[in-house]
Amino acid sequence: MSLAQMEAVAPEEAGGSLGRDAWRRLRRNPVAIAGAVLVVLFVAVALLAPWLAPYPPDKPVGQVTPTSIPGPSAEHWFGLDDLGRDEFTRVLWGARWSLVIGVVSLLLGMTGGLLLGLLAGAFGGWVDGVVMRLVDMMLSVPGLLFAIGVAAMLGSGLDAVMIAIAVVNMPIFARLLRGQMLAQRGSDYVLAATAVGVRRRRIVLGHILPNSLTSVIVQGTLTLATAIVDAAGLAFLGLSSNDPSIPEWGRMLADTQRYLSSAPLLAVFPGLAIIVAALGFTLLGESLREALDPKYRR
Amino acid sequence: MSFPSDSPADPVASGEPLLSVRGLKVHFPVHRGVLLRRVAGHVRAVDGVDLDVARGMTYGLVGESGCGKSTLGKAVLRLVEPTSGTVLFNGADIGGQSPEDMRRLRRHMQMVFQDPLASLNPRQSVESALTEPLRAHGFTGDRSRRVRELLDLVGMPSGAAGRYPHEFSGGQRQRIGIARAIALNPELIIADEPVSALDVSIQAQIVNLLEDLQKELGLTYVVVAHDLAVVRHVSDVIGVMYLGALVEESSSDALYAQPLHPYTIALMSAIPIPDPEVEERRRRILLTGDLPSPMNIPPGCRFHTRCPFRQPTRCADEPPGLREARPGRKVACHWAEEIAAGSIRAAASAHDPTATEVGTPSP
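Chains A and B supply the protein sequences, listed in that same order. The first sequence begins at 1 in the numbering used here and counts up one residue at a time. The second sequence begins at 1 in the numbering used here and counts up one residue at a time.
It is possible that part of the hints are untrue.
To be verified - Pairwise CB distance ranges, derived in the manner of DEER restraints:
1) Val34/B <-> Ala34/A: 54 to 60 angstroms
2) Pro142/A <-> Val34/B: 20 to 26 angstroms
3) Leu41/A <-> Val30/B: 52 to 58 angstroms
4) Asp58/A <-> Leu35/B: 24 to 30 angstroms
Everything labelled a hint here was simulated from the structure, so no lab data went into it. Because the structure is a prediction, the values reported are computed rather than measured. Every residue, glycine too, gets a C-beta built ideally from N, C-alpha and C.
Produce the entire structure from the sequences given, and follow the hints as far as they go.
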């Protein structure tokens, strides 16, 4: 190994071998496969919706009256909605919005939470005290209620929904990272690094942080599932965008409430879509946790 | 070795000990209460220890689990903060050093840990673990050559560099831990139970490795262990610790020939002797009662609650200092001479149901 190559293998990047182990366990786990299939399906649909969808998502393509909404047929697999738009098309396009809202809110919440957790975990003392009391306060309010409050405060709209979900998830990541870092901080290898003279900043960023991140990855996957469900919940409550042309699963559920007796399937399709997406990320997250947890490691 | 500031704390006259500890105390506060946290007491892990370690020697520190020997080792490197007392390394007081100065000073004093797996970062390749100390201290030479050199010194193939801790056996991991400790060419190595986590068959190899390295690199060791056989094998001087204090200090040979402190006598009596006839006559001294809590150390002699030689006077109320009972032998017992002469005998306690055997604690 040349000196140049050696430089490239700084400990921050040097996770290869453990990763390989986890990857092998993941591949052998049928639950992980099932989760991965659902997640891939969801993401593929989200990315390819414009090409997969047979009709435009925001224009009527058939005749409907409030008393007769056509159900599934060969032309319209999921039938038409109350405004005569193709339901199948709208469910496909809905994946796109769910993915965008889920990913953006996750990234926002995770970034904020990790910064808070890093602050608390790296400095300890009164910084830790202040940050963690703030986190406790946020966690003491039920998640969805908190999200509703934040979204209502920001005024409805997609941005408000994403920020609200991010704010709700922030304390979860803060507490998780801080706890992991505390556990790592007392470990022997951190003591050993101190003993050989590694500087404090490098110990935190090069040793403690990377070893604390596996559970953050797991939590991130699981949080994506709840973010999708929460986004649908907020939309259902009318806190999302008012634009009726945006096909959003939660909003689709809300719009079809009035026709529940005449066209119950209109509620079933977006509902199933939400379940499939959330289930995929949950299964994948749980099996990731299993694969990465040192207790399962041989 | 090429370091930017290659100045070990000035090499003083060779008569000076490399490491000199005076009155070292490490007390950990114990908190009670949830809302109103208050200090309910202190665990006196190390409670006033004096010791000197001469250059090139091996100082063995023995005692039961929880007697403070590991804490003492860490306090010497200031990996735990001493409560009071001084530690002089090469004449420099490590207590007064700023964190950055302390970091630099640790180049000359290193540590080998008990659990080799826990002491290696699982995400760090061997190469990275061994170059890290070099980077931290600004080593300017060829780092990958130094890594190969270190691996060779500890008897590992150079191919080990690219691999990760979990791919090795316990003995190999400890070799890597030792390689990391010698990476900076230190003068002093504190080895905290270096072999107690290893299979017995591997222990001898690691002990031999430590001895070879000492000869080759002129290292000074403080070896912390609860295993008397290991300590005897490697040590020139042995300190016996009980409840945070040294109770006896002597050259290794003299200590094993005739232990002077009742606690040492009890510890020694637990070692089987590889001679059936002598073993037949060996009388085991069993200690009564439990090890007192280090939060509540008995007054007077700290060993008097369990001492089979306890006398009605002095033991319970007068703390015995570590004194030179014989030339070169220090002992903290009022009655060491009488016990050695046989005029005070151990109380018969072998049938006491509360008697516990010492010397075989769990790590």
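Give me the numbers of the hints this structure contradicts, sorted from smallest to largest. 1 and 4
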